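Please model the entire structure based on the sequences and the hints provided.
There are 2 protein chains.
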Amino acid sequence: MAYAAETIAPRLKKAREQKGLSQRALSAKTGIPQAKISKIENGVIDLRLSTLIELARNLDLDLMLVPRKSVPAVQAIIGSDAGGGSSQPDQIKPAYSLDDDEERDDV
Amino acid sequence: MAYAAETIAPRLKKAREQKGLSQRALSAKTGIPQAKISKIENGVIDLRLSTLIELARNLDLDLMLVPRKSVPAVQAIIGSDAGGGSSQPDQIKPAYSLDDDEERDDV
DNA sequence: AAAATTGATATCCTAAAAGATATCTAATGG
DNA sequence: CCATTAGATATCTTTTAGGATATCAATTTT
Numbered sequence: 003m004a005y006a007a008e009t010i011a012p013r014l015k016k017a018r019e020q021k022g023l024s025q026r027a028l029s030a031k032t033g034i035p036q037a038k039i040s041k042i043e044n045g046v047i048d049l050r051l052s053t054l055i056e057l058a059r060n061l062d063l064d065l066m067l068v069p070r071k072s073v074p075a076v077q078a079i080i081g082s083d084a085g086g087g088s089s090q091p092d093q094i095k096p097a098y099s100l101d102d103d104e105e106r107d108d109v
Numbered sequence: 003m004a005y006a007a008e009t010i011a012p013r014l015k016k017a018r019e020q021k022g023l024s025q026r027a028l029s030a031k032t033g034i035p036q037a038k039i040s041k042i043e044n045g046v047i048d049l050r051l052s053t054l055i056e057l058a059r060n061l062d063l064d065l066m067l068v069p070r071k072s073v074p075a076v077q078a079i080i081g082s083d084a085g086g087g088s089s090q091p092d093q094i095k096p097a098y099s100l101d102d103d104e105e106r107d108d109v
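As given, the protein sequences belong to chains A and B, one line each in that order. According to the working numbering, the first sequence is numbered sequentially starting from 3. According to the working numbering, the second sequence is numbered sequentially starting from 3.
A portion of the hints provided could be inaccurate.
The list treats identical chains as interchangeable, and a pair is accepted whether it falls inside one copy or across any two copies.
[Unchecked claim] Straight-line alpha carbon distances no greater than 27 Å define the calculated DSSO-like cross-link-like pairs of lysine-lysine that follow: (1) LYS71 x LYS31; (2) LYS71 x LYS16; (3) LYS41 x LYS31.
What the hints contain is simulated information worked out from the structure, not anything from laboratory work. Keep in mind the model is a prediction, meaning the values are calculated, not measured.
Here you go:
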């Protein structure tokens, strides 16, 4: 497996965490079972392109083929906020609790 | 299948052609059977990540996950020479045999 | 015209991803 | 202390990619 494989899985995991999503939450969004997300993030399985794209899509990421010579330039761009704030936090990590089924008793 | 899937296959094909490689030549380089390369380029199969990376590697391309918000910027960069000259032609294209164009009259 | 290349397809078999479920442990929280 | 949540694993079945080969039609080359 080429090196890109080792770099993609961690990026997916990081993006998910930065969006404040649990594997199960992402599973619900994507339809991809939590067990599989776990394996993917740990590089246990060699997932298919459609699966990768589906995951990426739900994490506001896009899969691109970049000419080798342009990689540094691209990294300079995405490196600055690489998966950083992404678009919208989607979920800012509730300090209290509420997820969506629990009422807020403190506001 | 997300849209990225439709965009990746053609890019692989274009990159291969621009490097002057036949499917069989690429097959020899990668070990991936020609029959499969054909299917991949035509979007007939949902290839695995390792396969995609292997193909990309041999075409001087790198697979990257780009934050959606950065996609336009990245496209601006790689768009200018997207899969263009890449690194080295890999195949020096015999001037006499002319396999591309016949503009050999003015240099 | 005959020969060689190129890309697309087809079949057979095998390996592995995918999908559905169920646990198990560790950490969190009421 | 018990309940919930999160992530990692395991098992079972189905589906499909992957590997090996062969062939065919359309070009291209000689």
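First find the shortest C-alpha distance between LYS71 and LYS31 inside one copy, then the shortest across copies, and answer within, between, both or neither for a cut-off of 27 Å.
Between copies only: 20 Å across, 35 Å inside.
27 Å Cα threshold - placement of LYS31 relative to LYS41:
within (17 Å within a copy, 30 Å between copies)
Check LYS71 against LYS16 for me: Cα-Cα at most 27 Å, and say if that holds within a copy, between copies, both or neither.
Both: 26 Å inside a copy, 17 Å across copies.
Of the numbered hints given earlier, the model fails none.
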